[in-house]
Structures are given as C-alpha cells and as structure tokens.
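Participant: Sequence:
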Amino acid sequence: ADRATPARTVAQQLGSADALFIADDGDAVVSVADAMTAAGANLRNIQLLGTGLWDNPRVYASAALQGGLYAAPDPAGFRAFSGRYRTKYGADPIRTATLAYDAVALVAALARTQGTTRFSPDVLTNPSGFAGIDGLFRFRPDGTNERGLAVMKVTQGGGVAVAGSPKSFGA
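Following my numbering, the numbering of the sequence shown begins with 1317 at its first residue and continues without gaps.
Hints are computed from structural coordinates only; laboratory data are not their basis.
Everything numeric in this text was worked out from a predicted model, so none of it was measured.
Ideal placement from N, C-alpha and C gives every residue a C-beta, glycine not left out.
Incorrect hints may appear among the rest.
[To be verified] Under the rule of at most 25 Å between Cα atoms (straight-line distance), these lysine to any residue pairs were calculated in the SDA-like manner:
no. : residue 1 : residue 2
1   : Lys1469   : Lys1404
2   : Lys1483   : Arg1428
3   : Lys1483   : Arg1463
4   : Lys1404   : Ala1419
[As the list claims (entries may be wrong)] Label pairs and their in silico Cβ distance ranges:
no. : residue 1 : residue 2 : range
5   : Val1439   : Asp1334   : 39 to 47 Å
6   : Val1478   : Ala1377   : 15 to 23 Å
7   : Ala1354   : Val1476   : 26 to 34 Å
8   : Gln1472   : Ala1413   : 36 to 44 Å
Make the full structure from the sequences, and use the hints.
Facilitator: Put into structure tokens, the structure is as follows:
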C-alpha cells in the first residue's frame, strides 16, 4: 500500500504534538513509521503509542519505534505458561492458547465453586473479574470484556513492562 502520501500529510500536521497513536499491526506499523520518517517526521520528539499488536519482533527491531508504548498483557504470565506447555508437549504454544486455557479454567472453577448459579449473569459479570494467564479479566453486562493490561515499552530486546497490569479492577 502507498503510505507516502498519508505519511507526508501526518508528518506535516504533527507540529507540536506530544503523542501519536498508530493503531496498526506490528508489520504495518514499521512501514508507517518508515514512511513518516522519510516524509520528514521526527518521531523521536513525540511519544508513539500503539496496541498489543506491536508485540512483534519487527517492531522491536525498528529504530523509528524505539521507546514507543503499547498496552498488552504482562508477558510474565505467558512465559510461565509457555514453559509448562513446552515441558508437557515439547513445543511452544501459539500466543492465543492462553485465551482457551483461561476459558476452560474459568468454567472448571465456576462449576466447582458456584453450584447451580455457576453460569448465571451475576456470577459471570462479577465486577471483581477473574485472574487468568494474561492477567485480570472480566465480562461486562453488555457482552463485552475488559482486561487489565500492562504498559509496555519498545526496546531492541523486546517489550519491557514500564507499568504492570492492575491486580484488581478499581471502583
């Protein structure tokens, strides 16, 4: 995709901006950052912000994205899960394996502890949420979910947590 024209437009509009949110996946965000740099944007003067899709080796290798911040699950939980998985199955799990694991673990825990109300809306939408491999999560009455995420910083060595994920959902 041609990124030069939109990159030039954004680069001209940055002016005295403090931050720039680039909501793109890890592969595309590298192309966007390169195009903006080529268009004259000095990305080192602003705080780059992204999503958990920035958890990508290409992002960590990009000079233009160093120091960028993104929200994602704290990697400690996945590292521990991966180690146990690797020991048992001799291979690494895919990144989304924690979603399936947490779903099954939650169903088992609710069946064991909540009796006949285990899958009632009140139990499933407990405002305190549930602890999973990737941290805290809860289901909301409107059918959406909410996760407690860490703030990660892009470095050459990978994502580094600069603010850990919350241990509870506040009031």
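Participant: Hint by hint, say whether it matches the structure.
Facilitator: Hints versus structure:
no.: 1; hint: Lys1469 / Lys1404; result: violated (31 Å)
no.: 2; hint: Lys1483 / Arg1428; result: holds (23 Å)
no.: 3; hint: Lys1483 / Arg1463; result: holds (11 Å)
no.: 4; hint: Lys1404 / Ala1419; result: holds (20 Å)
no.: 5; hint: Val1439 / Asp1334: 39 to 47 Å; result: holds (43 Å)
no.: 6; hint: Val1478 / Ala1377: 15 to 23 Å; result: holds (19 Å)
no.: 7; hint: Ala1354 / Val1476: 26 to 34 Å; result: holds (27 Å)
no.: 8; hint: Gln1472 / Ala1413: 36 to 44 Å; result: violated (27 Å)
Hints 1 and 8, counting from the list given before, are not met by this structure.
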